[in-house]
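Construct all of the structure, not just a fragment, from the sequences and the given hints.
Residue numbers (our numbering), protein chains in the order written: chain A, 1 to 255; chain B, 1001 to 1160; chain C, 2001 to 2376.
Please keep in mind that the hints were generated in silico from the structure rather than gathered at the bench.
Treat the hints with care, as some may be off.
Below, computed lysine to any residue pairings styled on SDA-like, alpha-carbon distance capped at 20 Å [what the hints assert, rightly or not]: (1) C:LYS2040 to A:TYR108; (2) C:LYS2255 to C:ARG2041; (3) C:LYS2369 to B:LEU1012.
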Amino acid sequence: MTELRVEHVDFSYSVKQILYDVSVTFDKPELVCILGPNGVGKTTIAKTLNKLYIPTAGKIYIDGEDISKMSRLDIARKVAYVPNSVSSAFSMKVLESILLGRAPISGYNTSEEDLDVVARIIDLLDLDELCERDINQLSAGQAQRVTIARGLVQEPKVLILDEPTSNLDVRYQMEIMRFLKDYAREKQIIIIMVCHDLNITAAYADRVILMHMGKIFADGSVQDVLTEENMKTVYRIETKVVQMDGLTHIVLNPL
Amino acid sequence: MEFGFGGKAMPLALVLVMLVGSFALFAIYEVVMISNPDPHFHSHEYSISGTFYGEECEGIMTSEYKPESTSEYIYEYKWTARSENHSYDDDFGVFFGRNEMPLESIYDYIGEEAVGDKVLQIWSYSHEGIDYTLYVGELCTIEMVGITADYMLLIAVLKK
Amino acid sequence: MTGIIPSIKHDDSKVSKEKYAEIEKKIEAVRFREAYSSLKRHRVLFIVVAAVMMILCGMYAITIGSYTITFSEVYENLWYWISGTTPPDITKYHIAAEVRLPRVLTALLAGVGLAIAGTTMQGMLKNPLADPYTMGISSGAGFGAALAIILGFEIIAGGGIVINAFVFAVIPAAIILMMSKLHTASPTVMILCGIGMMYLFDALTQLFMITAHPEDMSAVYQWMVGSISGTDFNNVLVILVIVLAGSIALQAMSKQLNVMGLGDESAKSLGINVENRRMLMMIVLTMMAAAIVSFTGIIGFVGLVSPHIARVFVGTDNRYLIPASALVGALLLIVADIISRVVIAPNILPIGVVTSCIGGPLFLFLILKARREAWA
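Right under this line is the structure:
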């Protein structure tokens, strides 16, 4: 099982410090959601996990190896990153876009194995009908599925997604979350997702990391983290947390 | 094809600017070329006299600049001559480098000779049994060509 | 999304395990596989067709010229050249094998080199309007040529216009690379610097031109307007080696160029060291383009238009786009050469003008066509 360990990481962007002494370990196959208000450092921490951002202090280890010493290629073979949105100047077909996700693994030529992996993911995400379309002609939901597919064909041990559902309707959001939760368990990989919706997170996450002012405020199960006091402290909102049918629901009190 | 910036008008405008730019350059080039014609681009006529198989003969030779290359001056020479019972014609090329000397790979340098008030460089060239002796003056102008073979002794002289 | 288990209640039980296994066994993405094979087939077909057309046009181009030499005489002499036998008529041989053949080969190689450089530039900078001269190569080369012709100043003695043009073609690009090492090498920064360099060197060149003699000025313009007919076999060999080396290097990096098209973040996440790759590609394509420009002068539009034409037929996968563009570029230049010799025969139209006349409207047509599709 892969282990991703963050130890005492600080991150500053020119003069502004964003992350303060962040330490966290991921070593179980599960869907982890990182929550927190805007600007708290959720995306920042996500981007340090695959060396898109380089921490100003602290270390990050994957399977015991310090990622600052690893090449991008070696990291890409273990960690995939799905950004919020992708745009390209030149259009390409959906199938080509997804195939690009095999880059860290395949050589110059596209192998049979590449085609097999992509075919499987296309089936799982129901993209077969779209595979010959231009990526610039897709709807937001379709484009997001393609971006996620590209992350999945990388066959990573750790999949990081940055708010993959922020532009999508609630059905899509739930479908993606459901899919990722099952995928993490089936494929025994760690899926780390930066989220913003409290209830959808509560419905699907196996583990929640709540961030507050650049630090990890709480880290644990949905019931342990999504409490009324935590909501009040971190988001400064009044809520009522209700357990119903084994699910945690966060009922908002309008301001 | 997506044009991220500027939308519709930008790429069109840019391409038009590029087109106008290259036509402007061409226009300037033409003006400059016309006002400074290259003196190497010339055509000449030569009158031929001599003997064929012992018979008197006469003929004409022409030379014409051919714009095939920008690193060489290329001229095509054609001549015909006739006597009472025989006629002959031939053509050959004379190629000069930018230094206004015939290419050493093809022509052999013989020497120089003063003819009239000019000093001419003498080069030779053979082709299908005929020996040509080229008397080269300035600006790649050949003043005289000697044409000799077993049965032929001709001289072509530049008409003034 | 019918392929995905659509239940809300999370219940890690055997149900989902079975469903998963079910989906994975079912084959699978039929359209994807068909689409992939057909794409590959079409692309290879285009490349083969383009190669054949290029060879045919090249074979025709060799027979075009103002010197009196027949079609069969040309090929006879080319045969003597290939087989190494002594030709009976050495002047006709000279025209066929030592003037025209280098000319057509130069057109071919210059077309290939400029097109590949343009394709890489566009992919690297993610800008459809980039061409090999975007980094100031043409302005630098023009300046170097002007320096050699007007001032007689040669960087390397005996190197003449060619070496000057090459060295000064590379200088703007070198400055840009150094500047982008200090800042981050983002495409926008590079383009802006390139435009700046272009203006700088153009201005300097104009300064020289004002002080020049008329003959020198016409020589400079003659150089700038572009020509493929000034090369001899040794020059062609040099160009061949450089274009071959550059093309192989860029082709080898074509897959990475594809990934870079997704954006820097995605590319880094996929294992590409983006800044290094960009720098390497820049160096290779600059060398290649500068080498071509120093022999041929400034031939515009080929590097810009060839990738766009090729893209219509083979898409944006650079593994196919680079060779396809190369062939389109070679074809474009060979056809331009033919046109330049035929239109006002026996005089020759400068080839840069012909490429503008073909390339400009072609590019406008492509832009207009693309936007109509985008609207639909």
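Hint-by-hint comparison with the structure:
no., hint, in the structure
1, C:LYS2040 to A:TYR108, "holds (15 Å)"
2, C:LYS2255 to C:ARG2041, "holds (18 Å)"
3, C:LYS2369 to B:LEU1012, "holds (12 Å)"
In summary, the structure agrees with every hint in the numbered list given earlier.
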